[in-house]
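So the sequence lines, in the order shown, correspond to chains A and B.
For the first sequence, the residue numbers in numbering that gives the first Met the number 0 are 0 to 801.
For the second sequence, the residue numbers in numbering that gives the first Met the number 0 are 0 to 360.
Don't take each hint at face value.
[What the hints assert, rightly or not] Straight-line C-alpha distance at most 30 Å; calculated DSS-like pairs for lysine-lysine:
hint	chain 1	residue 1	chain 2	residue 2
1	A	Lys696	B	Lys188
2	B	Lys238	A	Lys617
3	B	Lys188	A	Lys485
4	A	Lys411	B	Lys247
5	B	Lys324	A	Lys411
6	B	Lys198	A	Lys531
7	A	Lys420	B	Lys238
8	A	Lys401	B	Lys222
9	B	Lys74	A	Lys1
10	A	Lys191	B	Lys188
11	B	Lys55	A	Lys485
12	B	Lys238	A	Lys485
13	A	Lys411	B	Lys198
14	A	Lys485	B	Lys222
15	B	Lys198	B	Lys188
16	A	Lys485	B	Lys33
Since the hints were derived computationally from the structure, they do not count as laboratory data.
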Amino acid sequence: MKFTLSWLKDHLETEATLGEIVERLTSIGLEVESVDDKSSLKPFVIARVLTAVQHPDADRLRVLTVDTGDGRSPVQVVCGAPNARAGLVGAFAAPGTYVPGIDVTLAVGKIRGVESHGMMCSERELELSDEHDGIIDLPEDAPVGTSFASYAHLDDPVIEIGLTPNRPDATGVHGIARDLAASGLGRLKDGKIEPVAGTGACPVKVTIEAPDLCPGFALRRVAGVNNGHSPKWLQQRLIAIGLRPINALVDITNYVTFDRGRPLHVFDARKVAGNLVVRRAKDGEKVLALDGREYALTPDMCAIADDNGVESIAGVMGGEHSGCDETTTDVLIESALWDPIVTARTGRELGIITDARYRFERGVDPEFMVPGLELATRLVMDFCGGTPSETEVVGYASHQPKIVSFPVSEVKRLTGLDVPKAESLDILKRLGFGPNGSGDVVDVSVPSWRPDVDGKADLVEEVMRIHGVDEIVPQPLASHGTVNGKILTTLQIRSRAAKRALAVRGMMEAVTWSFIPARHAEIFGGGQSGLKLANPIAADMSDMRPSLLPGLIAAAQRNADRGFGDVALFEVSGTYEGDTPETQRRVAAGIRRGTAKLEGAGRSWAGNAQNVGVFDAKADAFAVLEACGAPVDRLQVEAGGPAWYHPGRSGVIKLGPKTVLGHFGEFHPKTLEVLDVSGPLAGFEVFVDAVPEPKAKPTRTKPKLELSAFQAVKRDFAFVVDRTVEAGTLTRAALAADKKLITGVSVFDIFEGASLGDGKKSIAIEVSIQPVEKTLTDEDFEALAGRIVENVKKQTGGVLRG
Amino acid sequence: MSTLDTLENSLLADIAAASDEQAIEAVRVAALGKKGSVSEMLKTLGSMSAEERQVKGPAINGLKNRVTEALTARKTELKDVAITVRLAAEKVDVTLPVRQSPAERGRIHPISQVTDEITAIFADMGFSVAEGPDIETDYYNFTALNFPEGHPAREMHDTFFLNSADGNQPKLLRTHTSPVQIRTMEAQKPPIRIVIPGKTYRMDSDATHTPMFHQVEGLVIDKTANVANMRWVLEEFCKAFFEVPSLKMRFRPSYFPFTEPSLEVDIQCDRSRPGEVRFGEGNDWLEILGCGMVHPNVLRFGGLDPDEYQGFAWGMGIDRIAMLKYGMPDLRAFFDADVRWLQHYGFRPLDLPTLFGGLSA
């Protein structure tokens with residue numbers, strides 16, 4: 000919402016400065032977004048052309064001497080305007096001036112060999128209008144040497160406020176003035192409008208067939224008008240707020256729209272066939288609107304039609320056919336009420352943003368429907384002459400004000416402000432509310448221009464914003480009186496722990512989009528219709544991700560394309576198996592690319608890093624599980640993973656037969672192809688939300704530490720097994736041979752070779768033994784070794800390597 | 000010169016001449032071995048007369064002791080030399096670089112770090128942390144938050160919708176973290192003090208808007224919480240978060256459907272230095288959050304009586320305050336995972352924000 004300072008002063012009697020007004024507007028909730036104080040027009044001064052002679056080398060140029068009124072000798076200016084002549088008084092720009100219309104800062108220059116010390120400007124060069132047929136030509140008596148802007152009243156500052164959707168009353172300058180006056184920054188001038196008596200009934204009748212869309216319609220004809228230009232002052236105001244003056248009738252509708260927040264429409268009465276009817280549009284019904292574009296309407300939209308068809312899209316934009324131009328002699332002025340929701344939806348669906356829609360969708364003042372028409376009639380008669388008919392008002396049942404029961408103590412309860420009751424009520428009165436009653440609870444009637452006020456909290460806001468938010472003294476929130484305990488949920492704690500655990504492993508945390516390309520979603524098990532966006536912002540951001548991996552892999556490739564191929568990235572975030580809260584998963588995922596191993600990437604004198612692989616991903620996955628408190632010693636790893644992994648180089652991590660905690664591996668070549676990326680790549684996903692909640696413990700005491708007095712020893716074994724035997728099975732078998740003495744089994748060598756026979760391999764393990772009762776004798780060791788060999792043979796068919 | 004003296008001189012000379020452990024061992028065997036020259040002499044004591052033995056005994060034993068001592072000393076000397084030689088041979092170039100520790104290479108994203116900073120501050124004020132789903136229903140995102148059907152305020156949100164299944168009302172991506180207000184009220188009785196960090200989505204894209212961004216919501220509900228308390232909470236938060244001793248804030252009346260009264264908050268800052276924002280000084284105002292008293296209708300939707308309970312809520316952009324505090328110029332880079340950006344703007348994994356250790360120090 001834009002307006003000028005002088006326009007505001009039409010409605011507000013005030014001594015306040017521009018700065019004070021701007022500050023007050025913001026502090027009462029009408030946030031000032033910008034102020035143009037027009038200082039850019041200050042350098043332009045009124046100057047008189049003393050002489051004008053033909054340029055020696057150019058037919059269409061003249062050389063002027065110009066008196067700029069600064070008391071110094073006249074300056075020489077080269078000018079191409081046809082109206083440049085001796086005696087002309089115009090607007091002069093000296094060298095160094097920025098001329099907005101041509102976006103140039105002037106310098107002393109030579110034009111066809113003649114020096115020019117400045118410029119006599121056209122209206123277009125000052126962005127006052129499109130006029131460029133000649134330079135500005137002022138009356139003889141315009142005071143030379145003074146500011147052109149202030150002479151022409153162009154120095155009127157323009158204020159723009161960012162209006163919140165709840166304040167239709169502030170879509171007009173009068174309403175803004177009311178707020179400022181209520182806040183004590185002046186006196187609101189009487190905005191009362193005297194009705195204009197009409198002669199004869201309005202010849203065009205109105206029928207409302209859709210009363211739910213149109214709760215009121217007022218119409219009046221003014222015959223015999225002369226639709227020329229509107230007065231200069233009005234044009235200047237419209238230009239100042241960014242509107243283009245068209246003709247007097249159209250300018251009047253725009254003026255009343257901004258002056259009072261009351262949109263109007265004017266029809267050329269001679270182009271209207273028959274009577275007007277307000278109805279739902281027919282499906283596909285077309286109208287050529289005033290913006291020159293054709294729109295197809297639907298029955299959800301409201302139209303004003305005559306015998307020819309739709310003449311106007313109600314509340315949004317008028318039709319081209321019955322629009323007013325300079326040939327209009329009889330005008331029909333419409334002032335109507337339109338349903339805010341229908342207006343908003345119509346505008347949104349047709350993609351039309353107009354000043355009328357802006358107001359109707361917020362809700363215009365119903366009680367100003369008729370006065371707005373009277374005001375417009377008065378202006379039409381003033382600017383264009385003509386004879387008005389009587390006003391035809393259809394469908395309007397008079398406004399019943401809302402009554403809000405208001406305990407005045409609510410101000411204190413909700414804001415902490417101590418505002419005396421009398422002041423609270425006075426503020427409401429100044430804003431046009433009608434408090435009634437003398438008790439602690441008063442009935443307050445809500446003015447017709449404040450449809451946003453429904454309840455007592457709304458009235459508290461009115462008192463608070465006018466009394467002053469700055470008056471509210473901060474008060475500490477009461478302490479709970481205890482030390483704050485654990486405030487994070489297990490899932491939050493685990494998410495944090497997972498992030499730190501992966502970062503400590505040299506990985507960088509990424510945050511990637513929750514929506515990914517459809518092809519990426521599909522190959523990672525997603526792509527269901529119900530998880531696609533109906534209105535994605537871009538084609539490749541269309542599907543809610545089923546996995547964090549595609550986003551991370553794509554990110555790694557982007558880095559590789561920039562020359563950083565060895566990257567390790569992770570993300571701990573949501574994936575979407577469905578559209579319910581329960582099917583949003585919390586996942587920790589990571590990928591390593593190139594040689595980005597735990598110890599570091601790339602070449603080194605101490606040994607080059609190898610390509611990343613499945614075991615790097617496995618180690619990362621287990622680090623996350625450990626950080627999340629998963630019972631890592633009880634987890635099983637099964638070969639193979641979901642389809643997007645390399646089938647022979649991936650694994651699933653399980654707790655028990657059913658609970659999948661994650662998977663890891665290198666990727667299937669087809670996955671890389673679909674993602675359009677290259678490896679080496681390995682990654683993992685851990686389902687943080689699948690890790691069981693830790694058991695509540697009655698005590699934090701750790702179990703007693705039992706230290707054996709006997710020396711721990713290690714023994715090596717090598718077994719020849721079938722190639723298909725998994726190391727995990729063999730180590731479990733060795734461990735199980737004596738659960739008391741054996742404290743650990745690690746694999747230290749894997750060997751395959753012809754010497755072992757076809758389809759065989761050797762697995763070498765180191766068994767850690769901790770005697771607890773006595774030092775073991777050779778016989779004891781032999782017996783233990785026998786049990787290990789026997790159990791391994793039983794579980795895997797493996798035999799001790801000779 | 001006696002035979003003993005001659006022998007001693009000769010042995011000491013041999014010891015001194017021995018240049019390695021092998022040579023010194025040979026000298027020892029030649030002197031003190033079973034058939035060594037000194038041992039042979041000792042053997043002669045047995046056949047001597049008592050008087051003779053009294054004279055020769057101490058002389059020969061003295062010789063033996065001196066030779067033994069000399070041998071030991073020379074051995075130590077030779078060992079030291081050998082070590083010195085070995086150490087010299089083992090010298091390496093210690094200026095060769097070592098690999099950086101993984102904990103130094105890793106990075107935490109600014110959004111995670113700032114979320115931790117926010118958590119640390121609100122934990123101190125007695126708040127808990129709540130979360131909610133990204134995919135929401137129209138009810139939680141709008142209706143229960145007092146957005147009337149068709150109201151222009153819904154349009155301010157540029158909502159992403161999911162494909163609707165079987166003509167049901169389509170689910171949507173939450174446009175703010177406020178739905179969790181309702182979910183919290185449904186799940187928990189007042190007093191409520193929570194902050195809600197999370198992802199939010201709007202159809203918007205430029206240097207300061209991305210279709211996905213992060214918000215943190217705050218909600219306080221009890222029987223007395225008012226605007227004055229809200230001012231205190233937000234002012235204390237901003238001072239703690241931006242780590243300045245004082246900060247000027249401007250509370251402006253505004254409008255949100257789910258709060259009444261509603262306010263927007265600007266903080267004073269100095270942006271005169273290119274690429275840098277300083278808080279607690281200067282003449283610029285930067286909008287950082289919206290807040291207000293929870294609307295009576297929202298309390299009702301949450302199952303609470305607005306005449307019994309009252310409270311306030313606020314929402315602010317995590318990415319935005321991260322940008323303000325740490326100076327990232329472009330929001331889009333937050334989601335690009337450029338390792339150069341992460342390396343520069345990210346945080347080391349062991350830099351845990353705490354109040355006792357300073358949030359970012």
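Evaluated hints:
{"no.": "1", "hint": "Lys696/A <-> Lys188/B", "result": "holds (26 Å)"}
{"no.": "2", "hint": "Lys238/B <-> Lys617/A", "result": "violated (43 Å)"}
{"no.": "3", "hint": "Lys188/B <-> Lys485/A", "result": "holds (19 Å)"}
{"no.": "4", "hint": "Lys411/A <-> Lys247/B", "result": "holds (24 Å)"}
{"no.": "5", "hint": "Lys324/B <-> Lys411/A", "result": "violated (35 Å)"}
{"no.": "6", "hint": "Lys198/B <-> Lys531/A", "result": "holds (18 Å)"}
{"no.": "7", "hint": "Lys420/A <-> Lys238/B", "result": "violated (35 Å)"}
{"no.": "8", "hint": "Lys401/A <-> Lys222/B", "result": "holds (28 Å)"}
{"no.": "9", "hint": "Lys74/B <-> Lys1/A", "result": "violated (102 Å)"}
{"no.": "10", "hint": "Lys191/A <-> Lys188/B", "result": "violated (52 Å)"}
{"no.": "11", "hint": "Lys55/B <-> Lys485/A", "result": "violated (90 Å)"}
{"no.": "12", "hint": "Lys238/B <-> Lys485/A", "result": "holds (24 Å)"}
{"no.": "13", "hint": "Lys411/A <-> Lys198/B", "result": "violated (35 Å)"}
{"no.": "14", "hint": "Lys485/A <-> Lys222/B", "result": "holds (24 Å)"}
{"no.": "15", "hint": "Lys198/B <-> Lys188/B", "result": "holds (25 Å)"}
{"no.": "16", "hint": "Lys485/A <-> Lys33/B", "result": "violated (81 Å)"}
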